[in-house]
Amino acid sequence: MAGALIRFNALPKQQIGLVAPIFTTKSRTNTNSAAPPQVTAPPPQTKTVFGPLADQDRIFTNLYGRHDWRLKGALKRGDWYKTKEIVQKGADWIINEIKASGLRGRGGAGFPSGMKWSFMNKPSDGRPKYLVVNADEGEPGTCKDREIMRHDPHKLVEGCLIAGKAMGAQAAYIYIRGEFYNEASNMQLAICEAYQAGLIGKNACGSGYDFDVFMHRGAGAYICGEETALIESLEGKQGKPRLKPPFPADVGVF
Numbered sequence: 001m002a003g004a005l006i007r008f009n010a011l012p013k014q015q016i017g018l019v020a021p022i023f024t025t026k027s028r029t030n031t032n033s034a035a036p037p038q039v040t041a042p043p044p045q046t047k048t049v050f051g052p053l054a055d056q057d058r059i060f061t062n063l064y065g066r067h068d069w070r071l072k073g074a075l076k077r078g079d080w081y082k083t084k085e086i087v088q089k090g091a092d093w094i095i096n097e098i099k100a101s102g103l104r105g106r107g108g109a110g111f112p113s114g115m116k117w118s119f120m121n122k123p124s125d126g127r128p129k130y131l132v133v134n135a136d137e138g139e140p141g142t143c144k145d146r147e148i149m150r151h152d153p154h155k156l157v158e159g160c161l162i163a164g165k166a167m168g169a170q171a172a173y174i175y176i177r178g179e180f181y182n183e184a185s186n187m188q189l190a191i192c193e194a195y196q197a198g199l200i201g202k203n204a205c206g207s208g209y210d211f212d213v214f215m216h217r218g219a220g221a222y223i224c225g226e227e228t229a230l231i232e233s234l235e236g237k238q239g240k241p242r243l244k245p246p247f248p249a250d251v252g253v254f
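One point on numbering: in UniProt numbering, the residue at position 126 of the sequence shown is 126, and numbering is uninterrupted.
FYI, nobody ran anything at the bench for these hints, they're computed from the structure.
Beta carbons: idealized from backbone N, C-alpha and C, even for Gly.
Please note that a few of the clues may not be correct.
[What the hints assert, rightly or not] Below are the BS3-like pairs computed for lysine-lysine, each with C-alpha atoms no more than 25 Å apart in a straight line:
hint	residue 1	residue 2
1	Lys89	Lys202
2	Lys129	Lys240
3	Lys144	Lys72
4	Lys116	Lys129
5	Lys122	Lys244
6	Lys72	Lys82
7	Lys122	Lys89
8	Lys84	Lys202
9	Lys72	Lys84
10	Lys72	Lys202
11	Lys89	Lys129
12	Lys144	Lys99
13	Lys99	Lys84
14	Lys82	Lys99
15	Lys129	Lys244
16	Lys99	Lys129
17	Lys99	Lys122
18	Lys129	Lys84
19	Lys144	Lys76
20	Lys144	Lys89
21	Lys129	Lys202
22	Lys240	Lys116
23	Lys84	Lys116
24	Lys244	Lys116
25	Lys116	Lys144
26	Lys82	Lys202
27	Lys116	Lys99
[Claimed, not checked] Derived DEER-like restraints, expressed as beta-carbon distance ranges:
hint	residue 1	residue 2	range
28	Arg104	Pro246	19 to 25 Å
29	Leu189	Gly138	20 to 26 Å
30	Gly206	Thr40	51 to 57 Å
31	Pro123	Glu235	22 to 28 Å
32	Gly201	Phe247	39 to 45 Å
33	Tyr195	Leu243	20 to 26 Å
34	Gln238	Phe214	17 to 23 Å
35	Lys116	Ile223	19 to 25 Å
36	Gly51	Phe214	38 to 44 Å
37	Pro246	Arg58	36 to 42 Å
Build the full structure now, drawing on both the sequences and the hints.
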């Protein structure tokens with residue numbers, strides 16, 4: 001920089017007068033012609049903080065028994081809405097939706113439900129497939145399942161149909177604790193209503209898929225809350241746990 005100043009000062013005055021306006025004009029030109037900076041909108045923020053869950057019943061909307069639990073009332077609350085379309089979308093679509101939802105088991109291990117369902121969705125080897133619903137709620141102080149069966153039984157029947165389609169099952173067996181008399185009565189009535197309305201059974205919901213739902217009452221054995229002991233009891237045997245493997249997804253009921 002110092003050398004440049006020396007060479008500039010060494011120029012004759014006439015040349016300095018010619019060079020200086022050029023520098024001045026150029027600087028003015030650059031200043032005047034500079035385009036205003038482009039202002040771009042910031043990318044939308046990704047929501048990473050979620051507040052506490054709202055105290056609102058979104059799925060089971062009649063847990064407190066304030067509404068009609070029969071089919072007429074269930075239809076008003078959105079049960080069986082577009083169930084035909086869901087069934088006709090096929091097993092792969094249903095399982096992918098369950099995986100995308102992030103639904104997990106509530107038994108403590110938090111196993112992804114979509115993955116568990118996919119274990120059953122494999123080519124048939126000729127053996128029939130059945131869906132077994134563990135409603136043998138025997139833990140002391142636990143009453144979530146009985147409230148669903150008592151006040152929202154059609155949710156369970158509809159869920160059996162959708163889950164059964166995802167697994168390629170022909171029927172569902174709902175195993176209810178023997179002490180749940182009122183719950184079993186409501187559940188059986190809901191199943192009968194669904195049959196009469198064509199929602200289950202042959203050509204369930206008009207989808208072309210045949211699916212039956214049966215209810216089985218236990219005898220009050222606490223051990224039958226374990227899945228393999230429940231299956232043994234469902235088969236008419238003593239409710240004793242099986243050795244695993246094989247797991248119920250490979251060797252289940254009957």
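Check: Between arginine 104 and proline 246, does the beta-carbon spacing fit 19 to 25 Å?
Finding: holds, 24 Å
Margin query: Between the beta carbons of lysine 116 and isoleucine 223, is the distance compatible with 19 to 25 Å?
Written below: With a Cβ separation near 22 Å, lysine 116 and isoleucine 223 satisfy 19 to 25 Å, so the hint holds.
Between lysine 99 and lysine 84, does the CA-CA distance stay at or below 25 Å? holds, 21 Å
Hint consistency between lysine 122 and lysine 244 [alpha-carbon to alpha-carbon, up to 25 Å]
Distance ~20 Å between lysine 122 and lysine 244 Cα, so the pair holds.
* Asked: Given the hint that lysine 72 pairs with lysine 82, does the C-alpha gap stay at or below 25 Å?
  -> holds, 16 Å
Worksheet item: Has the given pair, lysine 82 with lysine 99, been kept, meaning a C-alpha gap of at most 25 Å?
Response: Cα-Cα ~20 Å, so holds.
Next on the checklist: Check whether the Cα positions of lysine 89 and lysine 129 lie no farther apart than 25 Å.
Outcome noted: The given pair, whose Cα atoms are some 20 Å apart, holds under the 25 Å limit.
Worksheet item: So the hint says 39 to 45 Å: do the beta-carbon atoms of glycine 201 and phenylalanine 247 match that?
Response: violated, 30 Å
>> Given the hint of 20 to 26 Å, is the C-beta distance from leucine 189 to glycine 138 inside that range or not?
In response: holds, 24 Å
Original post:
glycine 51 and phenylalanine 214, beta-carbon distance inside 38 to 44 Å?
Top reply: At 42 Å between Cβs, range holds.
Status of the given 22 to 28 Å range, CB of glutamate 235 versus CB of proline 123 | Taking Cβ atoms as reference, proline 123 and glutamate 235 lie about 25 Å apart, which means the hint holds.
key: lysine 240 paired with lysine 116 [C-alpha distance capped at 25 Å]   = holds, 23 Å
When held up to the earlier numbered hints, the structure conflicts with 20, 32, 33 and fits the remainder.
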